[in-house]
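A.B. asks: Given next are the chains, with one letter for each unit.
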Amino acid sequence: MNTGTTYRKLAIEVMPVTKAEDRKAVEVPLKMVAENLSFFYRQTQALRGINIQIKEKHITALIGPSGCGKSTFLRALNRMNDLIPGTRVEGRVYIDGQDIYAKSVDPILLRRKVGMIFQKSNPFPKSVYENVAYGVRINRYAQSKAELDEIVEKSLQDAALWDEVRDRLDSSALGLSGGQQQRLCIARSLAVKPDTLLMDEPASALDPISTAKIEELILDLKKRYTIIIVTHNMQQAARVSDCTAFFFMGELVEMDSTIKMFTNPSRKETEDYITGRFG
Amino acid sequence: MATSPGMPSRGKWANALIDNEMRRSRDVSGKIFRFLTGAACLVIVSMVALIIGNIFINGRHHLSWRFLTAAPEDGMTGGGIFPAIYGTVLLVILMTLAVVPVGVMVAIYLQEYSSHSSRLYKATRLAVSNLAGVPSIVFGLFGLGFFVKFLGGSIDRLFYGGNLVFGQPAILWAAMTLAVLTLPVVILTTEDTLRSIPNELREASMALGATKFQTIRHIVLPQAVSGILTGGILAVSRGAGEVAPILFTGAAYFLPELPTKLTSQFMELGYHVLVLSTQSPDVEATKPILYSTVFVLLALTFLLNFVAIIIRSQMRARLRTRG
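So the protein lines, in turn, are chains A and B. Just so we're aligned: 173 in this note's numbering is position 173 of the first sequence, and the numbers increase by one with no gaps anywhere. Just so we're aligned: 158 in this note's numbering is position 158 of the second sequence, and the numbers increase by one with no gaps anywhere.
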């Protein structure tokens, strides 16, 4: 259909780099592997035997209609779901070869390594500085005030926010714009030195300009971090991601390089969803 | 009526929009209801105005610096009420020290730790709502039986060789009894506050590798301070006015000296009002003193409330701007 052509054209236009990278995809080491991962909220099964491989320092987009399990899957990767009573996990998730649901794994340490950005920007009602310093303080990463200052500044720079907030570090984070707040949340995550970032629709509440800034930032962060991003926005998935996984009714329908998924998906459901025929 | 050119003439359907009779009857019942609800508001406003006005008009003659700073004289027909003011303030402070930490901890457990289907959660819920419904005289008797006789008596037997030290009515036990009485207020307000703190903040903190305790300590509690203070305010204004719980647990009829130890007995404003109005040898002679005492009791409660409200609003403003 018409929409389909638009998306395909879009995907091709914005992803020449990805395409080149894709050819040497075989050499990329895996960061995460989920094996037969199922997830239950009390009686309801939200994930059905997910098998997925996430490449290191790549951006993986999770797409699918609301309630398809993509956010649940994302939250299973840093065990945020543990915080919800009445939930149960089956199967395995390996990060750097370690099963993160093994008894010996401390979920607190896991979350330091696997950071998370939420849909609604949720800065603490503290100053800009304190927001970034919080994770550093509780994890005792800084030995001195000078070191803490340095980490805060570096994190804000990495999140492309430093220039906008350098003169207002002591004012409330709630006074920042929505886009700035979201970048502050990213800076806050970066400050605890993760190597993976999980993003749950990080730009869905933002205007187009703020969204563009976030996307630019995500592409920049790819150099150092493995990123998994849940999005409802097909263009966004096409613009930023290297791989795309399509979830439907708690199952992983298809996963492939983004270029392939948006131009020539193997499954009919994927094509229908991407071209907007359902979902 | 002039119709503008091009306007279509009124069709049949338009008649359905106009029914003056129905409109009139609807308007009348609406107005009556509005009047009734407004009148109900007037009732409460006039009651408060009557109480305060009556007490102020009758009590103001006797108010003086001496009245506030002297002890009662001549069988309560003269002198002042300082020991009662002092006793009330001390009682309320001791009560707050006991009730706020315990109440806040209960609320934290209920809201932050327990699963809402656990037995302990359900039992605590039931206990809190039942505690709130117990008549205050029952607390008085409970205080006498549990705190004074059992707890105080045991302490005396264990540490004082059976001599009466803690095993008698005292300001400590009166404060403890009031603390039990006001516990539900603190628990419920703190719980409300904790519930109002967005879960996203807890998740954000946990996602940064914070422990549950760190999240509560650094994210949840700082946000809850003003709500906890509100609970404290409500407990204080509730506790300061209660007479029944302290009747048997520590309040004294007449004491010219101020309480100096936790085991001292004390005078209290509410109890003093009761004494003046029921136990006085000369009711007519104590009447002006009675009015003034009530006035002071009210003023003290309002003042405590006012101070706490100021602290609270400052705390809020500070949180908003700086954090």
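Think of the hints as simulated: they come from the structure by calculation, not from any bench. Heads up, some of the hints might be wrong.
[Claimed, not checked] Restricting the straight-line Cα-Cα distance to at most 16 Å, the calculated cross-link-like pairs of lysine to aspartate or glutamate (EDC-like) are: (1) Lys120/A <-> Glu203/B; (2) Lys287/B <-> Asp74/B; (3) Lys212/B <-> Asp82/A; (4) Lys122/B <-> Glu112/B; (5) Lys212/B <-> Glu90/A; (6) Lys120/A <-> Glu112/B; (7) Lys103/A <-> Glu90/A.
A.B. asks: Each hint should be assessed against the structure and marked as holding or not.
C.D. replies: Checked hints:
1. Lys120/A <-> Glu203/B: It holds: about 12 Å lies between the C-alpha atoms, which stays within 16 Å.
2. Lys287/B <-> Asp74/B: Holds, because 14 Å separates the two Cα atoms, which is no more than 16 Å.
3. Lys212/B <-> Asp82/A: Cα-Cα ~12 Å, so holds.
4. Lys122/B <-> Glu112/B: holds (15 Å)
5. Lys212/B <-> Glu90/A: violated (24 Å)
6. Lys120/A <-> Glu112/B: violated (22 Å)
7. Lys103/A <-> Glu90/A: holds (13 Å)
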